[in-house]
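Asks: Spelled out, the chains give:
Protein chains: 2
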Amino acid sequence: MKAEIINVGNEVLLGYVLNENASFLSKRLASLGIELMYHTVVGDQSGSISSAFRQARDRVELIILTGGLGTTADDLTKEVICKEAGIPLRKCVKWEKHLEKLYEKVGIELEEKRRRQAYVPEGAVLIPNENGTAPGIIIELQDKMIVLLPGPPEELKPMVEQTVMPYLQRKSSAGIIKTRVLRVLGLGEATLEERIARLIDIEGNPRVVLMAQSTEVHVYITAHGDNQTLVEEMIQERENRIKEKLASFVYGVDEETLEDVVARFLFQGGYTLAAAESCTGGLLADKLTNVPGSSNYFLRGIVCYSNEAKIELLKVPRETLDTMGAVSEETARIMADNIRSTAAADFGISITGYAGPSDEPLEPVGLVYIGLSTPEGVYCQRCNFWGDRRSIKEQAAVYALNLLRLYFLGFVD
Amino acid sequence: MKAEIINVGNEVLLGYVLNENASFLSKRLASLGIELMYHTVVGDQSGSISSAFRQARDRVELIILTGGLGTTADDLTKEVICKEAGIPLRKCVKWEKHLEKLYEKVGIELEEKRRRQAYVPEGAVLIPNENGTAPGIIIELQDKMIVLLPGPPEELKPMVEQTVMPYLQRKSSAGIIKTRVLRVLGLGEATLEERIARLIDIEGNPRVVLMAQSTEVHVYITAHGDNQTLVEEMIQERENRIKEKLASFVYGVDEETLEDVVARFLFQGGYTLAAAESCTGGLLADKLTNVPGSSNYFLRGIVCYSNEAKIELLKVPRETLDTMGAVSEETARIMADNIRSTAAADFGISITGYAGPSDEPLEPVGLVYIGLSTPEGVYCQRCNFWGDRRSIKEQAAVYALNLLRLYFLGFVD
Chain L
74 MKAEIINVGN EVLLGYVLNE NASFLSKRLA SLGIELMYHT VVGDQSGSIS SAFRQARDRV
134 ELIILTGGLG TTADDLTKEV ICKEAGIPLR KCVKWEKHLE KLYEKVGIEL EEKRRRQAYV
194 PEGAVLIPNE NGTAPGIIIE LQDKMIVLLP GPPEELKPMV EQTVMPYLQR KSSAGIIKTR
254 VLRVLGLGEA TLEERIARLI DIEGNPRVVL MAQSTEVHVY ITAHGDNQTL VEEMIQEREN
314 RIKEKLASFV YGVDEETLED VVARFLFQGG YTLAAAESCT GGLLADKLTN VPGSSNYFLR
374 GIVCYSNEAK IELLKVPRET LDTMGAVSEE TARIMADNIR STAAADFGIS ITGYAGPSDE
434 PLEPVGLVYI GLSTPEGVYC QRCNFWGDRR SIKEQAAVYA LNLLRLYFLG FVD
Chain G
74 MKAEIINVGN EVLLGYVLNE NASFLSKRLA SLGIELMYHT VVGDQSGSIS SAFRQARDRV
134 ELIILTGGLG TTADDLTKEV ICKEAGIPLR KCVKWEKHLE KLYEKVGIEL EEKRRRQAYV
194 PEGAVLIPNE NGTAPGIIIE LQDKMIVLLP GPPEELKPMV EQTVMPYLQR KSSAGIIKTR
254 VLRVLGLGEA TLEERIARLI DIEGNPRVVL MAQSTEVHVY ITAHGDNQTL VEEMIQEREN
314 RIKEKLASFV YGVDEETLED VVARFLFQGG YTLAAAESCT GGLLADKLTN VPGSSNYFLR
374 GIVCYSNEAK IELLKVPRET LDTMGAVSEE TARIMADNIR STAAADFGIS ITGYAGPSDE
434 PLEPVGLVYI GLSTPEGVYC QRCNFWGDRR SIKEQAAVYA LNLLRLYFLG FVD
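Going down the list, the protein sequences come from chains L and G. Going left to right, the first sequence walks through residues 74 to 486 as our numbering numbers them. Going left to right, the second sequence walks through residues 74 to 486 as our numbering numbers them.
Next up, chain L with everything else stripped away, as it sits in the complex (with noise of 0.2 Å):
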């Protein structure tokens, strides 16, 4: 089968929002082994979509069209789509019930223009929608399978995962093909290739390949073949191969994040944690209660911004940071030992650094220390990170995350 993705909207055209939705649909449908064509991105009007969904309707099988579904007057996929198939649009009642008790919950009146929502193309599958009022839409035309979706990421991406993945997956007939990811962490791409090479391999079957995102690489492997079990299997296999190369680097798989890892590790042993940041600011206690469930082993955060926060709320003595530095081992060292235990958790973590930017030419912008107070005893780790502000604060918290994890292995000592 092969796909074409349309995004209609001024927003992505022009630039205004990335377009997160293209890449992620890329992935998924490359899951299932339909190929990805083209993807179009094309503004509001309706000239525009339906000269869009006309090519598209010429070169491919399955047309997912992003965006367009909301309520106001520049929202017209759903209309402009339905003209071009010929399909009238019905009320759903169920789907008005829906709206009307949403909008009842916060007090908003359902005016006739939010109540366009709740008409769907006859014939159509309806596609709910857990985090918006806009239902997703299957229509399928003699050969062609048409897929509509809302714009808003948060709302588009647990439709896709819930339904439209198994409903192409029962349609596509393109044999098995399955990818995993192996999530590389303290390598650049170029050492990783180095220390790989033989591994890697972009034509062959299983295919390896590279993708270095922000702070981390990606090790994609994708094998394609009739039977289930085999393909599992030749995954399996260069997997096992590469992490025996990679060893503690790889620290997850797929979807997994490295808070995700963490979580496990502090879950599965019943261990608490509390967490005292400086230069990241609240990041690193944002990133572990991103987690579901985390309030059973986060017991709480100290964002210590100040001297006197880190003196009143983390006993560091005056003297070490007059002496040594706010941002130096021993304070590093000090702030976990004291979270930990004024906590009463069984890890403390701590970061102190410079972000940046700074007037000062001294000042060592991306000098991080990290901090891990343990029942065994207090380590820390000096790291130098590199970029702006904010790349600064993201790589010290994602290296806090990781030293917690290599502790958890018996890599830290």
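A portion of the hints provided could be inaccurate.
Identical copies go unnamed one by one, so any copy, or any two together, can satisfy a pair.
[Claimed, not checked] Listed next, the in silico EDC-like pairs over lysine to aspartate or glutamate satisfying Cα-Cα at most 16 Å (straight line): (1) 230 <-> 461; (2) 178 <-> 436; (3) 186 <-> 267; (4) 164 <-> 184; (5) 186 <-> 262; (6) 100 <-> 84; (7) 186 <-> 266; (8) 244 <-> 213.
In short, the hints are calculated from the structure, not lab data.
Starting from the structure of chain L, add chain G where the hints point.
Replies: Using the frame of chain L, we list chain G on its own:
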């Protein structure tokens, strides 16, 4: 002048990298008044490149292709376009010498496949590339202009700024174009549209359009003309009328973030701030500390994820937690008040709520209380947010910042 961007490359088509180049180019073209009609993304195959190029040639005057100028076998953009346009490739001796120097410096042999980058279309303009080995290329073809650029954003961006933009500016006859963005928070897209219905004009000059973002809506005002002052005046006049209708719902202009605006109020008043967060888990402090110089006013943050932390660090009475609950107006008020007093700050903000997901069907996921303690008293806002865990965290942190902004404007009582 109408334009189309064609991104060539499997890594973009298959979603392994976000299409950052398209978003960047779109914005730069818009600033010149060049009307971008389509983005198209195709794979590396010569057939796909040809077909996308032919289509673009039929519908626009300016075609910008990115990617496929490298040294590997699947880098075919230059060759395909020359074939389609009927232009021969000629060796550019100057670029070849440049390559020889570059490769000699790093001790790599200038093999034939690398020498391929020194071949340029006859009569084309070369675009120097400071960060890579592939030159960019501008081809003028009767009434069409074709620009070829390398795929890596760190190569493409300076080439666009230094060479392509001045070149296009000379060629484009759109006069002066200016855009201003008004950032609106607290009104949905539909309500906003209603309020300023008569000031929205997607065809006019100034052109006024709405763009919904995840937690806010942006109003774009774009005007063009021959005279700088006149264009500025047109924008200013429309901006004033829109602001009159929206009052404090407009929090910022152009690239200004909400945390920038709050930072300005705090900085100008010489005020200090501390934050106590429960469900946002540090996200508010993270946002506040993204602003360079935030250590001047942000003293400390406490992430009190457990009840013990609320009791010990913020002196919330256990009875309040037991009788009113951790998610309650009372708790939010006490948290805000006590973080303000213990930090000896001018202002204290607190957030407590349910970010979900929840196994308990009665837990009102999305219910959040925001507290603000000021020299004049304590305020509390009750909010109902939608969406998943991350989205609820995001909205809660944004609305907390906004509450402080509204206080400074005198709208909180």
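Asks: So, against the hints stated earlier in the document, which numbers end up violated here?
Replies: As far as the earlier hints go, not one is violated by this structure.
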